[in-house]
Each structure stands twice: as structure tokens, then as C-alpha cells.
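Asker: Spelled out, the chains give:
2 protein chains.
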Amino acid sequence: MKPSIPKGTRDFSPDEMAKRNFIFDTIREVFHRYGYQGIETPAMENLTTLEGKYGDEGDKLLFRVLNSGPVLLTIQSKGADQIKRADLAEKGLRYDLTVPFARYVVMHQNEITFPFKRYQMQPVWRADRPQKGRYREFYQCDADVIGSPSLVNEVELVLMIHEVFNKLGLKVVLKMNNRKILTGLAEVVGEQDRIIDITVALDKLDKIGIEGVNNELVEKGITADAIDMLQPIIKFEGNYNEKIDLLKNLLMSSNTGRKGIEEVEEIASMLTAGSFELDITLARGLNYYTGAIFEVKADGVQIGSVCGGGRYDDLTGIFGLPNVSGVGVSFGIDRICDVMEELKRFETLGIRTSSSKVLLTHFDKNTQKYCMGLASSLRAAGISTEVYPDITKKIVKQFEYANKKQIPFVVVVGEEEMQRGQVNLKNMSTGEQHPFTPEQLIEQLV
Amino acid sequence: MKPSIPKGTRDFSPDEMAKRNFIFDTIREVFHRYGYQGIETPAMENLTTLEGKYGDEGDKLLFRVLNSGPVLLTIQSKGADQIKRADLAEKGLRYDLTVPFARYVVMHQNEITFPFKRYQMQPVWRADRPQKGRYREFYQCDADVIGSPSLVNEVELVLMIHEVFNKLGLKVVLKMNNRKILTGLAEVVGEQDRIIDITVALDKLDKIGIEGVNNELVEKGITADAIDMLQPIIKFEGNYNEKIDLLKNLLMSSNTGRKGIEEVEEIASMLTAGSFELDITLARGLNYYTGAIFEVKADGVQIGSVCGGGRYDDLTGIFGLPNVSGVGVSFGIDRICDVMEELKRFETLGIRTSSSKVLLTHFDKNTQKYCMGLASSLRAAGISTEVYPDITKKIVKQFEYANKKQIPFVVVVGEEEMQRGQVNLKNMSTGEQHPFTPEQLIEQLV
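Sequence lines, in order, name chains A and B. Counting from 1, position 60 in the first sequence corresponds to residue 60 in this note's numbering; the numbering is continuous, with no gaps. Counting from 1, position 333 in the second sequence corresponds to residue 333 in this note's numbering; the numbering is continuous, with no gaps.
In isolation and in its complexed conformation, chain A is listed as follows:
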């Protein structure tokens, strides 16, 4: 009987945890410094909260929790033909952090100080087909401000994104668009009802190229005139100012479109040049967003986006609290971790295992007991310390333990050292070895 774990799930070893925690800690520190506060919601939500929020496809991917109690009896008494999924499960596992957050805001609206700047870092579960880089349990890491229409929030999110990736040592491209520009485009080409078809096609530009996009537009039944009018946008290659000029020209007759351009310009006015790339083909789950749309891709790797988000105007409406505007971003921890592995950033940044700093080795009960006292002093000085727990004459075995665990320093305590009150400290990477008194040892290691 070989034990295993469910497909699409993972164990994280100490080394993997050290790397992941570095990413979590980096993001959390930036969130805090910008005034975002953490919350947590339960892994299980009522299915009434989750169902219908992620489309039909999403509903299929929800993990449902079997009702406790006599489920089999329920099936027998109702009969196999009458039984419904709702009879089997009334709870499900969190599918993302956004819907539980909306639910949280509505439930706790009287305790919350608005604008509410919250972050949340917790796992989510999706019954997706597992494949490379796609898991059934993975972490999301979201920051949202809710209850403030100000574009200052968008600006700060852009600053936060850059700070995070800077600290992680990753070069990224932050693309920004605005839903209102997309709406304006659909309006001016005379296809305002087809905004979804148009933007879904535009969104694929990176993947299928101009011809592909045009083919898809034809397939979706967009008129030839409209497709013609979209060409300058699709084909456009120019800098930020040129793009804004083009858009102003193109969207002159659309109020919404002009408002979108205005928002982009206001955000840009509060940022240094190059903080974002205006990308009119960016859409990202459009139904949701009503203003700015963000997406971040890492330079130098072929991997999807590592961060994304945008403004939404009615997230909490689904739970009965309408007209609360919000804006947020979500960091994809697993992808970020993959990118950092691929680019060997953990090595560059010196993120190693979470091992102790020093191992104290010995030869018998007596010297081990001395080590225990020494360990107390070292730990009291904040030095992460291990005493090899078992008694063994084989010092080699103890060194092997230090080596495998990448513990950088080893102290050897023999009878003689103990008597002399000086122990040998060995630097495991240089091989250097020097005798020190306990006080000197602390100075060396602190």
C-alpha cells in the first residue's frame, strides 16, 4: 500500500516552503506598507454563495463537500432518479478569493471602515484537469480597495506591482487597458452589442496574430466595415502618446470611450513614464471589469501572466449591496515561483533552505549535555541552532546531517574542548575551522 495524494495537489518540502515564503513575505510586506490589511475567509463556503458566480464552466469545476450525516439513507429514501446534487452537498471549496471577499464585505459591512483596503493570501480549489503549471489546489494572493472610485487606487496598485517584482528580482511588463475604451471601440465601429466577441478576439492577438484575430472576427459575424475600422488598433505600433492620439481620434464620438482615455491619462499623470504599457487588446474576463484592466507578464520566460486585475463597479451587488466600486490585483504565486525557478532568481537572491545556522556535534552524553547548554545561549541570542539529538561516536554522520540540510556552520565539542572552554567552529562552505569561547561563538554567528 503506497500512499499518494490526490492528483493536482502538492506537498511542499522545507526547501520549497522557504522559496514560497520568500514570495509571500515580499508581497505581504508591500501590501502592508501601502496600508492593506489581511483578512481570511473559510475554505468552505455555502454553495449558494459560490454557484452561478463563475459561469457554467466554473460551476462544474467547484469541489463540493458531501453533506455529513446519512447521505446513503437520503439517496435510498429519495430514490436514484429523484436525488439532486443539492441533496448531496450544500457546501463547496473556495474557487477564488474574489467572491468570498464580496460575501465578506456584505456580511460585515457595518464593521468595515470604507474605503476598505484588504489583502488575502489563501489556497483555492478547482476541479480542473491537472497539467504542467495548473493545479487543483493553488494559492491566490489578492489586494483590493473597495468603496473608493478614486484613480489613486489604480496608481498605488501599479506602484505596488512594480515594488513586488523589483524585490523579487523579476523584470516585468505591466500592460494596462480600460474597459471603457473597449466599450467605446465597439460603439464607434457600430457593434456595441458585440463587445464581448470583439474583445475576446482582440485578446488573442498575442497568440494567433493579426490574421487570426481578423478571421475570428469574421467568424463571429462582425461586419466587414467594423473589422476595417478596427485595423488601425490591431496593427498599431507606436509609443504611448501616439497611441493616445490615435484613440482620441478614433473614439471622439463615444462618451464612454473618451472617459476611458481620460482615466488612462489621469493614471499616467501620477506615474513615471514607462510604468505601464497601454495595450488596447487586453481584456481579461471582461464581463467583470468596468474601468482599468491590468496584466503583468515576466520578461524572458514563456509563461502566462503572473499578476492581473482591474476595476469592477458592482462586485457586491450579487449579494445585495449595490454600487460599491472596487479595484484590485491578484498575484499568481505558483507561476511567480515557476518563473523564479526558471530564471534561477532564488539562487541570485540567496534564498536557501530554511535550515538552522549551526549544528552542535558531540561524542557522548557528557559532551552532548554541554552542547545543550551552549545551544541555550546561542538560541537566546537569536541564532537558529540544532544539537544533533542522538549519541554517536561517528562524527562523520553528524557532519553528513549538516551537509544534507545545508547547515552552514558546525561546532565540534569533544571532551578536550569542553575542558578548555573553547569549541571548534567549522565553516562548511570554506572548510575553515577556528576555536572559540562560547561568547566569541555568539559574536561569530549572530
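None of these hints come from the bench; they were simulated from the model. Incorrect hints may have been included.
Copies of the same chain look alike in the list, so a pair counts if it works inside one copy or between any two.
Here are the simulated EDC-like pairs of lysine to aspartate or glutamate, each with C-alpha atoms no more than 20 Å apart in a straight line [what the hints assert, rightly or not]:
| # | residue 1 | residue 2 |
| --- | --- | --- |
| 1 | 78 | 137 |
| 2 | 60 | 87 |
| 3 | 365 | 390 |
| 4 | 60 | 90 |
| 5 | 393 | 228 |
| 6 | 2 | 51 |
| 7 | 259 | 277 |
Given the coordinates of chain A, assemble chain B onto it according to the supplied hints.
Answerer: For chain B alone, kept in the frame of chain A given last:
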């Protein structure tokens, strides 16, 4: 439609998170300093991993995850009478951290350096009847060493427990017992097959008193002679040395019993006096433990144990890796949090909300933009800073925001201050207010 969460689950607000994180961080720091390394396992485990590990009662309390795919079709094709629970669910939510850890050790035995000192802080789920202090989702926080029979591990766990509660500002009593002493007792009273009945009764001494224990022993069919022989133990009131002497006398004829006393004495020899209280009535889920047994109770509150653990000799045997000895402790985060609330320790320790240090307030777009620049400098200096995001002439509203969020400092930037290059910093608790240049402001707040 009022949204709600499943019974027995909880949302954690920013304030609650600040308190909980203080406890988590404290424990994690001590774990690290003693050389324990973190791992994580998935929330879902295969039911083959979980079932049969927690007794019949435990199996009933497992949350099972409904298989994805057409479950209703399966029910119809098998028929209501033929369907089994295994047809509906093959995965379940983690019930504790111990069984997943055993599974982890067996699965990863070739990558692990033994002795393996690991900690794990993750939620677990139990379909228990929710009640005060008992939840269906709660955190466990475990540290275990596996692959080392040395009592040094027990000693270090005792030290760690004291360090943790010291840092949390909680006075605790650490009770210790040894399973071998309990086995010895059952042997010498001639009831070695009844060790479970005897220890279950002894374990209730705190709750039901001497008479209650004796009644239960009678009910369980323990002989009158045996009960007589147990009286000195049950009634015993004396110090550590007297207790050891009594036990040595009583257990003279039991090899196992003598070994248990020896272990207690060896552990005591490596600790300062008063590090633990020897409690021969302590049992704690006895089937599991084979050596030391620990339990920690907080002084001054009527609440169950806040930490417990012990040595087990065959945890991984259930997954096919026999003879691996381990010892560990588990901290009950939720109870610890409750105790700290009750004793107002968060106040004493100055653990407040996770709010920013300073809010920058303004009167219009112009002064807000100045605040954005100021915020950049403050944040670059590591100061957690917020700019009130919306434009409002009502400075009162901005102060109200700072008050509600317990932000300790507010900076006011008017047109005049901006021109002068000096802004007013107000200390929200004293009401004091002084003008500072941006550089001075950083010095004040850093």
C-alpha cells in the same frame, strides 16, 4: 438573500488576523530557532489515507469531497440500494496534521534527512457539532522530530513550549507523564490487559475527583485489589522527588515501568527544576503514545489544554514504514487566542490592529498629488502609509477614517503647507500637532 458562511466556520477580520498572526509568528520563530523546518500538505487527502486512522468516531467526522464528474449518473446506474459512500467521494479534507505528516514522511522518505524536524501550521476540518470554542475549521500548529529516539528531543520540546508561552505572556503548567509508567502501573496491579480502561479513568481525575475515578474503575470491572493498589497514586500529593520515589517503589517489579521512570528522570536531568509537573493521571489519546506524554494548561482560565503531545514509536507503520520513532507537540491556536483575549494579553503586549502608521490627508487634487509624492518617500523608508484616496473638502471624514482604523498619526497637507514645504503631523492619541519638513517627518515616523 443574506449571505452567510457554513456553521462552525469563521471569517477573520484585520484585527483578528493581527492577533492570530502574532501567535503564529511567535510560535514559528521559536520553531525556527530550534531548527524545525516548515512543510505543507494539501487540504484534500485520499480517503484511503484518512479512513481508519481516527477510530469510528473520527471516520464519521471526516469531511468528504464529492467526486467531480457525473455523480448523479453513477447513482442512477448503480441504483439507490447499491450505491456506496466510496462511489460518491474518494477524497476528504485533512482531519489533523499528524496522519498527513506520516503519509508525507513515507512518500518522501528518500528525500528527507533524518532525524527530520518539521513543523506545520495549517487548518484542519472536522464535522463536529459546533459549539463555543469548537469549530469545523481550525488551525493546528505541530512540531515533530521523526527518526530519533533521543530524549534530547523531548527536552527541547519542553524548552520550546516554555519559550512560546513566555513570549505570549501566558503562565502555564506543563504536565508530563510517560506511557511506560502507565503500562507499568497496569502490570503491577495485575491488570495489564486493562491499561486503557485504567488510564481513561485516571485521566478524568481533574474532572470527576477521586471517588468518580474509583467508581469508574469498579464499573469497568477492575478488581478491588487493583483499585486498592492504585490509591496511593490517585491520592498522591507531594513534590517531584517524592513522586519519583513512590513510583520507584510501586513499579519495582515492572521492567517497562522502571524504564518509564528512567526516561522521566533523564529528561528532568536536562531541564531546570519546575520545567514540568509529573502527573501520573495524564493519558491523552493513549493508544498513540509510547513514551513521554505532554499537556499544557493556561493558568487563571477555565479552558482545556492549549498544547499537548508525546512520543509515538510507529506513526509511519500504517503507511508501510515501520520502526520510526517520533515525538511532537501540537499548539492549539484557537484556544491560545481565546485565553489571550480572556486575560487581555493582546492589550498588555500592545498587539493592535495591523493598520498603517500614518494617513496623509489633503483638500483637493493638487494637495493629494503632493501627498502621493510624500507617501513614496515614507514608504521607501519602510513606513506603512496611506493617502486618503478620495478627494473631499471634509477633512473630518478623513480623520474619522484614521480614527476608526486606529491609524496613530495623521499628516495634513493644505495648499499653504505645501508651499511652505512643511506639513503638520498629528499624534492621534495625544492630540499633539507639529509642522515638519518631509525629511523630519520620516525621522519622526521611522
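Asker: Checking each numbered hint in turn, tell me which of them this model violates, lowest number first.
Answerer: 1 and 5
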